[in-house]
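All chains, full assembly: derive it from the sequences and hints.
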Amino acid sequence: MKISEGKIHVNYNVVELQLDPVIRRRLEALGITEGSRIQILNKKRNGAFIIKTRGTRWAIGKQISEGIICREEKNEKGN
Amino acid sequence: MASLLIILAIGVYAGFVIKRQISNWKKGKYCGSNCDGCSGGCHKDLNK
Amino acid sequence: MKKEIKVGFLGNPNCGKTTLFNAFTGAKLKVANWPGVTVEKKEGEAKYKDWTIKLIDLPGIYSLSSYSIEEKVSRNCILNDEVDVIINVVDAAALERNLYLTLQLLELGKPVVMALNMMDIIEERGMEIDLHRMPEVLGNIPVVPVSARKRTGLDVLLHAVVHHYQEESEEYSLKYSQEIENEISKIKSKLVKFHEDIVNPRWHAIKLLEGDEEVKEKYADILKNDSIIDYEKKIINEKYNYIEDMIQEVLFNKESKSAFTDKVDEVLTHKIWGIPIFLGIMGIVFFLTFFIGDLLKGRVEILIGWFSDFINNYLISIGAANWLKSMIVDGIIAGVGGILTFLPNIFILFLALALLEDSGYMARVAYIMDGIMGKAGLSGKAFLPMVLGFGCSVPAVMATRSLENERDRKKTILLTPFMSCSAKLPIYILFANMFFKEHAMLVAFSLYVWGVVIAVILALIIGKVDKIKNSNTLLIELPEYKQPNVRTIGIYVWNKIEDYLTKAGTTIFIASIIMWFILNFNMNGMTEDVTSSFGAMLGKGFGVILAPAGLGMWQVAVALIAGLSAKEVVVSSFYVLFGIGSVSEAAGYSQLILDLNQIGFGAVNAYSLMIFSLLYTPCIATIATIKKESNSLRYTVGVVLLQLFVAWLISVIFYQTGRILF
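Chains A, B and C are the protein sequences, given in the same order.
For the first sequence, full-length UniProt numbering assigns the number 1 to the initial residue and increments by one for each residue that follows.
For the second sequence, full-length UniProt numbering assigns the number 1 to the initial residue and increments by one for each residue that follows.
For the third sequence, full-length UniProt numbering assigns the number 1 to the initial residue and increments by one for each residue that follows.
Rather than coming from a laboratory, the hints here were simulated on the basis of the structure.
As the structure is a computational prediction, the values presented were derived from the model and not from experiment.
Not everything, but these chain C residues come out facing chain A in the computed CB check (under 7 Å): (1) Tyr62; (2) Tyr67; (3) Glu96; (4) Arg97; (5) Asn237; (6) Tyr240; (7) Gly371; (8) Thr473; (9) Leu475; (10) Glu477.
Pairwise CB distance ranges, derived in the manner of DEER restraints: (11) C:Glu136 <-> A:Ile69: 34 to 40 Å; (12) C:Val192 <-> A:Ile69: 38 to 44 Å; (13) A:His9 <-> C:Gly283: 28 to 34 Å; (14) C:Phe662 <-> A:Gln18: 56 to 62 Å; (15) A:His9 <-> C:Asn631: 43 to 49 Å.
For each residue, glycine too, the CB sits at the ideal point set by N, CA and C.
Structural data, given as structure tokens:
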């Protein structure tokens, strides 16, 4: 699922980055790589998000949030 | 006499100011501030 | 042998690198540009025992790829030996992400010393870093905890630099998986074979495997016969896996509950309340600028008044010619002195903006405003240059460089001058105080609001007209909230004050003399009758166009034209025009109000004047910057004309409506 469909405070793992290569590379340099963990801290209706990955907070726009494909991280606190 | 000196002083100062402004413009420094150049984004702003 | 070491400061944006750099060099930076590019190079110097340490502050970067010019400049600087030792400034509170750059720096093969910054934040959060293990997992580089804020660890850092420089250091390298290491060996031997004097073949080999554009171009011959598989993703992943292992070894008590920042963000970036809170904060900034500023303003006015009288008497006593006395007292002192009285307000404004930026709040603003910006086809990132515009339009226009999309840049440049710059503040303060007394602050604030509103409306219109779908790719780091650093803010605000004083002593000085001249001379030489002066002729001509906006008086027209040199000149022109030598609020204003009423200028006209000042062409410095940044004379002329038109239109609307209502 796209991270734009995610819920706040749930841990997700990145599966794929379906984005323009330039943006994809920039995200990878920031540590948003396949398998890395992402958490949503804040959501806005227009698609802008605040996420936390590798200990850093990022504000991302709709285009990016719709390009990060992820799945919910299992085995955390009995989920 | 003193008047003359004053006029001279003002004239010299004004000349210096204008000269400085022109050389600044040639270098691409437009904001008139005392900096060494702002081509990378004004370095005097915290937002580097 | 000269005991000199060249040190480069490298680190992520927002890691406190520049604060640390400033701690070593003070405000005595030398700022220039890297040759041929528009990336700035900051240099300074520090001393340690009998060593001279030349410091270079390189741009904040997240990695050393060849995707951005900042990265290229930084890595070439190191590869070209312009740096002997690297100080890698690392934000201890964001270790995971910062270490990615560290690993890349280590691969460059130069001695690295890590300055572990923000250790106090780590402590506050109850986390701990094993400072013994840290150097070990990084290949035995010195790790020096520092706090740029508290100025601790600075000498230890310099000592580490000197020591590390002097000893023979092994070539450290992170070992990748066997598969990748094999590939690296293969390419490395080829590189060495065909390019004997290649520096750091291992690094180049890794870059070729990553598909690095710059390196591929340079060593295209190696690639010719084999096709090298792109290992970029794998290499990045392996680095991050290694970092995860490292973190396990060195970082303890990683917080699991919301940190202070998260709590604050929940409020400040709230879905619904985010924007109102932002407006509220701006309102407070404004209030302080007026209120505290005005308190101090009275003192400055008294000083200037005293000075003016003193000079006046002196000139009389030495029998100076009347025209000279007039030029000095009614021209220069009136114009420059008048502007200087606003210094306290300017000071408070910049202080407030600096506090907001340094605390980390400004980044949140990009997120908060992203929605609205989106409707105009821009990302929230475009809002940041606009906020800078509240200080001065020149750096704001330049800050649009952070927007990669050219159309977005041009759009933002168009809108930025509508953000009321600090030079316009004296105009609002003067006229709001004169005509709206108790409501002065509210009136002045309304101007700022109108600026933003009109900019947004314009942006929406452009958004509709410009059908091209723009990429709304907001990606901005939200740093931890922190206590603003007194020293950083001090240096920043002081620079702004210096700028203001410089402007007063140069641009406004000259403008006041010119203004005095055109008001006191006409074709027949010096004249007592100001209505027959050059200035009056000029003003009457333009006054015709401005009449529907209630600004048809020649004095007003002349002041507005003069305002092209610098917006503050509008105010100083009024002072020169109406001969107010002593500019104290009580004395000066009542006379000025009377004089203005006599030419038919009342409250509604004042508001119209303020609106016009808000919207019309920015000062020459800004126009020049726009031309430079957009590289297009056509665009620049277009912007100027559009703004003139908008200013005229809106002030006409306000004036005509105001006349009917009031």
